[in-house]
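Asker: Now for the letters of each chain:
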Amino acid sequence: MNPEDGDTSRKMAIVVSEDSFDKAMMPMILATTGATMGMEVHVFFTFFGLNLLKKDADPKLKGLYRLFTGMFKKRMKKVGVDDFQAQRELAIEMGANLYACSTTMNMMELSESQMVDGITVLGAAAFLDIAAESEIQLFIG
Amino acid sequence: MNPEDGDTSRKMAIVVSEDSFDKAMMPMILATTGATMGMEVHVFFTFFGLNLLKKDADPKLKGLYRLFTGMFKKRMKKVGVDDFQAQRELAIEMGANLYACSTTMNMMELSESQMVDGITVLGAAAFLDIAAESEIQLFIG
Amino acid sequence: MNPEDGDTSRKMAIVVSEDSFDKAMMPMILATTGATMGMEVHVFFTFFGLNLLKKDADPKLKGLYRLFTGMFKKRMKKVGVDDFQAQRELAIEMGANLYACSTTMNMMELSESQMVDGITVLGAAAFLDIAAESEIQLFIG
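Residue numbers (the working numbering), protein chains in the order written: chain A, 1 to 141; chain B, 1001 to 1141; chain C, 2001 to 2141.
Note that these hints are calculated values from the structure, not bench results. Check before you lean on any hint, since a few could be wrong.
Taking lysine to aspartate or glutamate pairs in the EDC-like style, the calculated list, with each CA pair at most 16 Å apart, reads [claimed, not checked]:
| id | chain 1 | residue 1 | chain 2 | residue 2 |
| --- | --- | --- | --- | --- |
| 1 | B | Lys1078 | C | Asp2129 |
| 2 | A | Lys73 | B | Glu1135 |
| 3 | C | Lys2011 | B | Glu1109 |
FRET-style restraints, in silico, Cβ to Cβ [what the hints assert, rightly or not]:
| id | chain 1 | residue 1 | chain 2 | residue 2 | range |
| --- | --- | --- | --- | --- | --- |
| 4 | A | Arg75 | B | Val1079 | 39 to 45 Å |
| 5 | A | Lys55 | C | Leu2064 | 45 to 51 Å |
| 6 | B | Met1071 | C | Gly2070 | 27 to 33 Å |
| 7 | B | Ser1113 | A | Asp58 | 33 to 39 Å |
| 8 | A | Asp129 | B | Asp1117 | 26 to 32 Å |
| 9 | C | Ala2086 | A | Asp58 | 32 to 38 Å |
| 10 | A | Gly80 | C | Ala2126 | 22 to 28 Å |
| 11 | C | Glu2112 | B | Lys1073 | 45 to 51 Å |
Predicted model, so just to flag it, every value in this text is computed and none were measured. Heads up, the beta-carbon is just placed ideally off N, CA and C, and yes, glycines get one too.
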């Protein structure tokens, strides 16, 4: 579907604060779905969520479920859901805005060179301005 | 309270992505509270959250807290909060819309016959359309 | 910054349902950021989140990460982020509304005297009314 065909005035703002497999996949599926529907998509990665913007991010399920991550990936592939890295790339290609929380960047002593291309470093205040103008706000954490 | 007395134009959209006792109870309490206030309620169960729509769902607290689930249930009953299965039934009776994520259904190879009666299978795009029109959106995960 | 200089018509409604260090810090950072921007801020503490309003609250990271809480606090201090107790006090001073869920208070048999000064006990229905009028709603759990 061509995003131009959709309602481009609708905005979706998502915060991601965890880095487990499930909390990584859901915002990417929502972001690509929203972009397909013509929404303007904004995803803000903070705290542990920031790890998901690292070039080599490969999220796993939490705790004891870690070992089942591969099985989940296979099942997802079977029903046509790409893996995290592909979804993230697709989201960026579709124009979704992925933001790295500037405070977390400083706190974790991370540099932009460690992050995937096409993202933007942003502060919490700037994100709240975006969220306040969005029809949808979701905190995935 | 009669829902007709309330403001029926207000909508609440909730996503549930976990299946622990606390993450099960909160959307049901919010759903029945919202319905009582006359809100149009929409709750979308995805990922692990989908387990909560199974007929035999009996959520427990996470990890080591699992053993304290019974104590929590007793304390809830004492202050007049019904258990999960009763709350879920009440929510459906009050007209709250409970949705099973279609992608998760396929991924987990679950069929509608395993789910409680009165729910609807829905895709993420259709849910985002509902969320964009809702005054309240909450991601409980 | 003087809140009067900002846009006082914007409202932010946050639910907090966990009591880990990260889930404690994020709503306080968002609350003080929002208040600085002139937003009307409402934070509702429920379930485990209610522990964060206790006078002696000192949240830790979850599970095995518990031991790294001190390291996180040091890193935060280094980039200018106050600890939880200071952030909570600041949020209240700036006029953010912190609410204790009345049902959780009853369930946990907690009294207002155990809670920090300056908070309000509130029911879920009253909070949903506030959330429905808010530009931003986030469930941090």
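Asker: Against each hint, give a clear statement of whether it holds in the structure.
Answerer: Hints versus structure:
1. Proposed proximity of Lys1078(B) and Asp2129(C) is contradicted: the alpha carbons are some 26 Å apart, above 16 Å.
2. A distance of roughly 34 Å separates the Cα atoms of Lys73(A) and Glu1135(B); the hinted pair therefore is violated under the 16 Å criterion.
3. For the hint linking Lys2011(C) to Glu1109(B), the alpha-carbon distance of about 42 Å lies beyond 16 Å, and the restraint is violated.
4. Judged by the Cβ atoms, the range 39 to 45 Å given for Arg75(A) and Val1079(B) holds: they are separated by roughly 40 Å.
5. Roughly 26 Å separates the CB atoms of Lys55(A) and Leu2064(C), a value that falls outside the hinted 45 to 51 Å.
6. Range check, Met1071(B) to Gly2070(C): Cβ separation about 31 Å, and the 27 to 33 Å hint holds.
7. Taken as a hint, the range 33 to 39 Å holds for the pair Ser1113(B) and Asp58(A), whose Cβ atoms sit roughly 36 Å apart.
8. As the Cβ distance of Asp129(A) to Asp1117(B) is approximately 44 Å, the hint placing it in 26 to 32 Å is violated.
9. One distance hint, 32 to 38 Å for the beta-carbon pair Ala2086(C) and Asp58(A), holds here, with the actual separation near 36 Å.
10. Between Gly80(A) and Ala2126(C) the Cβ separation comes to about 44 Å, which falls outside the hinted range of 22 to 28 Å.
11. Distance hint check: the CB atoms of Glu2112(C) and Lys1073(B) are about 25 Å apart, inconsistent with the given range 45 to 51 Å.
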